[in-house]
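Q: Quick mapping for you: the protein sequence lines, in order, are chains A and B. In the working numbering, each residue's number is its place in the first sequence (first place is 1) plus 125. In the working numbering, each residue's number is its place in the second sequence (first place is 1) plus 6.
Keep in mind that the hints are not guaranteed to be accurate.
[As the list claims (entries may be wrong)] List time: in silico BS3-like cross-link candidates among lysine-lysine, alpha-carbon distance up to 30 Å: (1) A:Lys185 <-> B:Lys36; (2) A:Lys249 <-> B:Lys44; (3) A:Lys184 <-> A:Lys131; (4) B:Lys36 <-> B:Lys118; (5) A:Lys185 <-> B:Lys97; (6) A:Lys185 <-> B:Lys44; (7) A:Lys185 <-> B:Lys100; (8) A:Lys218 <-> B:Lys44; (9) B:Lys36 <-> A:Lys249; (10) B:Lys98 <-> B:Lys36; (11) A:Lys218 <-> A:Lys175; (12) B:Lys118 <-> B:Lys44; (13) A:Lys175 <-> B:Lys97; (14) B:Lys118 <-> A:Lys218; (15) B:Lys100 <-> A:Lys131; (16) B:Lys35 <-> A:Lys185; (17) B:Lys102 <-> A:Lys185; (18) B:Lys36 <-> A:Lys175; (19) B:Lys98 <-> A:Lys311; (20) B:Lys36 <-> B:Lys100; (21) A:Lys175 <-> B:Lys102; (22) A:Lys185 <-> B:Lys98; (23) B:Lys36 <-> B:Lys102; (24) B:Lys100 <-> A:Lys311; (25) B:Lys172 <-> A:Lys175; (26) A:Lys184 <-> B:Lys97; (27) B:Lys36 <-> A:Lys218; (28) A:Lys185 <-> B:Lys172; (29) A:Lys185 <-> A:Lys175.
By construction, these hints were calculated from the structure, which means they are not laboratory data.
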Amino acid sequence: MIEFLKQPWAWYVAGPLIGLMVPALLIFGNRTLGVSSSLRHMCAACLPAKIPFFNYEWKKEAWNLVFVAGIILGAFIVASFLNNPNPVDINPKLVTELNQYGITNQYSLLPEQLFNWQQLLTLKGFFFMVFGGFLVGFGTRYAGGCTSGHTIMGLSNLQLPSLIATMSFMAGGFIMANLILPHILKL
Amino acid sequence: MQTKLIKQTLANTDFEVRSLDNLEAAQPKKESIFSYLKYLLMGLFFGVILVKSEVISWYRIQEMFRLQSFHMFGVIGSAVVTGIMSIWLIKKFKIKTISGQQIELPAKEFQKGQIYGGLIFGFGWAITGACPGPLFAQIGSGFGVIIVTLLSAVAGTWMYGLIREKLPH
């Protein structure tokens, strides 16, 4: 059993389980799935700075912060006990492409040559970790949700705005990954 | 209440803060310390799935946007189908919460931010290889430096809040 759990889970196992988070949160707490809102609550809790957008009773939404703490804990448990001992299985085309940019260490979930503390001080590292993160935070709030809030929760409730948002997420990702990132990775 | 004192000039465009939604149904009950535990457990379960399905992997995201793997499309697609069926069942059988409350979901309204913000988030998703859920999961998996990415995402959210009234919605 443990050996089985250590394998990466197939899409048809993981996808339905992720989908079940929607009814689970609704039935157990009358809450809608959404992760990016936790970033807004952090702003509201720590630095509202008289900005209207952050002046609301964030304590009423504190469940969301507990939920993301759970995500950290769950990931920690996997890393400690259920970690996949084998290198990540990557499409050979992507391996070849990344090799050209000097990303050759492809054993864990993230390319450690790109995401590490030393890299933070380089232009490339700043772009991937700091600038990328900023776009995630700014974009999700501007769109009113992320992959969980719009794509999973919103589409599950057949919301047209969530479909528009999801198509925009995908379009942005396609443009960045295919047209812009190759130039940045060459730096 | 401070909330009432500061006037919003722009209507609500973010439908993820339940206490700001005008719903006919009751707001969720006030949570106790013990009821928070269930959210911790559900989050934990979500975190385990995110890591085990490798959707927190930068490589999986690159493959998705380069159409080099079906995995991410399969995960997202089957999650959405499961979610649609679940909500359909909840509505059809008027399933209530465990504390007997009626379940009502806010309808989202279209605003241009869903396109502009969506594109911006899409750029960030391809760069970092993570959406907000996976950012937390990457940190939990031991990639400590991603704390910087998360703090930067909080800064991005804050910046949006600061200039939001000047942005097209």
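Q: Compare the structure with each hint and give your call.
A: Comparing the hints with the structure gives:
no., hint, verdict
1, A:Lys185 <-> B:Lys36, "holds (8 Å)"
2, A:Lys249 <-> B:Lys44, "violated (40 Å)"
3, A:Lys184 <-> A:Lys131, "violated (37 Å)"
4, B:Lys36 <-> B:Lys118, "violated (34 Å)"
5, A:Lys185 <-> B:Lys97, "holds (25 Å)"
6, A:Lys185 <-> B:Lys44, "holds (16 Å)"
7, A:Lys185 <-> B:Lys100, "holds (25 Å)"
8, A:Lys218 <-> B:Lys44, "violated (43 Å)"
9, B:Lys36 <-> A:Lys249, "violated (46 Å)"
10, B:Lys98 <-> B:Lys36, "holds (27 Å)"
11, A:Lys218 <-> A:Lys175, "violated (50 Å)"
12, B:Lys118 <-> B:Lys44, "violated (36 Å)"
13, A:Lys175 <-> B:Lys97, "violated (39 Å)"
14, B:Lys118 <-> A:Lys218, "violated (36 Å)"
15, B:Lys100 <-> A:Lys131, "violated (38 Å)"
16, B:Lys35 <-> A:Lys185, "holds (10 Å)"
17, B:Lys102 <-> A:Lys185, "holds (21 Å)"
18, B:Lys36 <-> A:Lys175, "holds (26 Å)"
19, B:Lys98 <-> A:Lys311, "violated (54 Å)"
20, B:Lys36 <-> B:Lys100, "holds (22 Å)"
21, A:Lys175 <-> B:Lys102, "violated (38 Å)"
22, A:Lys185 <-> B:Lys98, "holds (29 Å)"
23, B:Lys36 <-> B:Lys102, "holds (17 Å)"
24, B:Lys100 <-> A:Lys311, "violated (55 Å)"
25, B:Lys172 <-> A:Lys175, "holds (16 Å)"
26, A:Lys184 <-> B:Lys97, "holds (29 Å)"
27, B:Lys36 <-> A:Lys218, "violated (52 Å)"
28, A:Lys185 <-> B:Lys172, "holds (28 Å)"
29, A:Lys185 <-> A:Lys175, "holds (19 Å)"
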